[in-house]
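2 protein chains.
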Amino acid sequence: MRRPTVIIFDVNETLLDLAGVRSVLVETLGSADRLAEWFLRLLHGSLVANETDRFRSFESISVEALSAMAHRFGLELDSSRADEMVAAFRSLPAHPDVPVALDRLRRHGFRLAVLSNGSSIGIAMQLENAGIADRFDLVVSVEEAQRFKPDPAPYRLALERLGVPSGEAVMVAAHDWDIIGARNVGIGGAFVSRPGSVWSVPDPPPTIVGDDIMSIAEQLIEMGFPPGQ
Amino acid sequence: MRRPTVIIFDVNETLLDLAGVRSVLVETLGSADRLAEWFLRLLHGSLVANETDRFRSFESISVEALSAMAHRFGLELDSSRADEMVAAFRSLPAHPDVPVALDRLRRHGFRLAVLSNGSSIGIAMQLENAGIADRFDLVVSVEEAQRFKPDPAPYRLALERLGVPSGEAVMVAAHDWDIIGARNVGIGGAFVSRPGSVWSVPDPPPTIVGDDIMSIAEQLIEMGFPPGQ
Chain A
1 MRRPTVIIFD VNETLLDLAG VRSVLVETLG SADRLAEWFL RLLHGSLVAN
51 ETDRFRSFES ISVEALSAMA HRFGLELDSS RADEMVAAFR SLPAHPDVPV
101 ALDRLRRHGF RLAVLSNGSS IGIAMQLENA GIADRFDLVV SVEEAQRFKP
151 DPAPYRLALE RLGVPSGEAV MVAAHDWDII GARNVGIGGA FVSRPGSVWS
201 VPDPPPTIVG DDIMSIAEQL IEMGFPPGQ
Chain B
1001 MRRPTVIIFD VNETLLDLAG VRSVLVETLG SADRLAEWFL RLLHGSLVAN
1051 ETDRFRSFES ISVEALSAMA HRFGLELDSS RADEMVAAFR SLPAHPDVPV
1101 ALDRLRRHGF RLAVLSNGSS IGIAMQLENA GIADRFDLVV SVEEAQRFKP
1151 DPAPYRLALE RLGVPSGEAV MVAAHDWDII GARNVGIGGA FVSRPGSVWS
1201 VPDPPPTIVG DDIMSIAEQL IEMGFPPGQ
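Protein chains in written order, with the working numbering: chain A, 1 to 229; chain B, 1001 to 1229.
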């Protein structure tokens, strides 16, 4: 991989801790252990939306996923509970390593961007509430492309906004599919193996892999200052 | 919906009971409650394969999903355990209502077909082991289209094989996304609300909805004999 000038971050699970919605899921579904299933339903729903040209917000699909699970467990889902979940989703805390790692990367001259499946307003609130909004030069929602990752369109949109060729960017994500999607348009990859995140597709993992963002940051910094700095 | 001449069935969950793989998941992951998550990982993986042009068999993706979950729970996955799961997946029992309902539909002159995300060999073994292989006039795997449902390609392939216009076919599935995919190419829909299956997308559900295949069959039969019979 060429030394990147721009680092594009995924948000949910990669920068922010999804465990922040666990308590709402517990209250709604009566079980502490439905977080992974809910997020997978959300992800699957987003790709079904792509496949069938039915784009709608990630938040809407997250409520549909909650509703499907409530039904499965024979529970009523009132709209205030759904609102509560969206609010929790928009208030996820950053993983503890994130703010310091982002600061280090900025000091080393990298431009930082965010590309998330969330809506524009949803991402803005997430970054603000997590206290990391001021670290990014650019925030891109899939909303404008009307296609969720890993469709090529949102990645291309991000590159266009950043004004860089794909070879100057690296995508940092805790999901293999997100990195595969980035690679498909020529963006480099860095995989954060958060607890529960595992590289499980046949494509080889990136050379940059780390337990947390700080570890990824150190590896990127070791590649030297970005060109032009 | 026009009176159909051909009924196209989804297989997993719709005709066959996924609970048949639960015991392997329990042995592998140490929990009785991972079935939904595993199947969702499998479905999500299939759509990521579509989005990134990395088609591979549904069985391969099912093993990747098991492997990701084993990792999440800190467990080793040996290949014999993976083989065991594929074997269990190929030996799922039919839901009890299925054989009689299929026979009723055949007696009423409908042509019956299967369109599944499984591989050709996988579907053939599933139908054989469930004792319902002889009920179908045609079995279509997404394999040949190299795209998983709900991409339009496999539905179009099935129509081509059946030699009928989309308006003469109805897709019977326990998944809303499967019916949305069928509708996108003009095929009618019938939704089986198996326990745990709920219509949870904004599109309206089909007019034909039932708890089991027998209920769906009765409603189709009430529409009269197919044209030409």
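Heads up, a few of these hints could be off.
To be verified - Just a sample of chain A residues kept apart from chain B, beta carbon distances all over 10 Å, derived:
#1 Thr52
#2 Ala124
#3 Asp137
Claimed, not checked - Stretches of chain A that chain B covers, calculated by requiring three or more beta carbons in the stretch to come under 8 Å of a beta carbon on chain B:
#4 84-96
#5 192-203
The set of hints was computed from the structure by calculation and includes no laboratory data.
C-beta atoms are modelled at their ideal positions from N, C-alpha and C, and glycine is treated no differently.
Against the structure, the hints:
Listed as outside the interface, A/Thr52 is inconsistent with that label: its C-beta sits roughly 5 Å from the nearest C-beta of chain B, within the 10 Å cut-off. Listed as a non-interface residue, A/Ala124 keeps its Cβ farther than 10 Å from every Cβ of chain B; the least gap is roughly 24 Å. Look at A/Asp137: its CB is around 27 Å from the nearest CB on chain B, clear of 10 Å, so calling it non-interface holds up. Counting residues of the segment 84-96 of chain A whose C-beta lies closer than 8 Å to any C-beta of chain B gives 0; at least three are required, and the coverage claim is violated.
Counting residues of the segment 192-203 of chain A whose C-beta lies closer than 8 Å to any C-beta of chain B gives 7; at least three are required, and the coverage claim holds.
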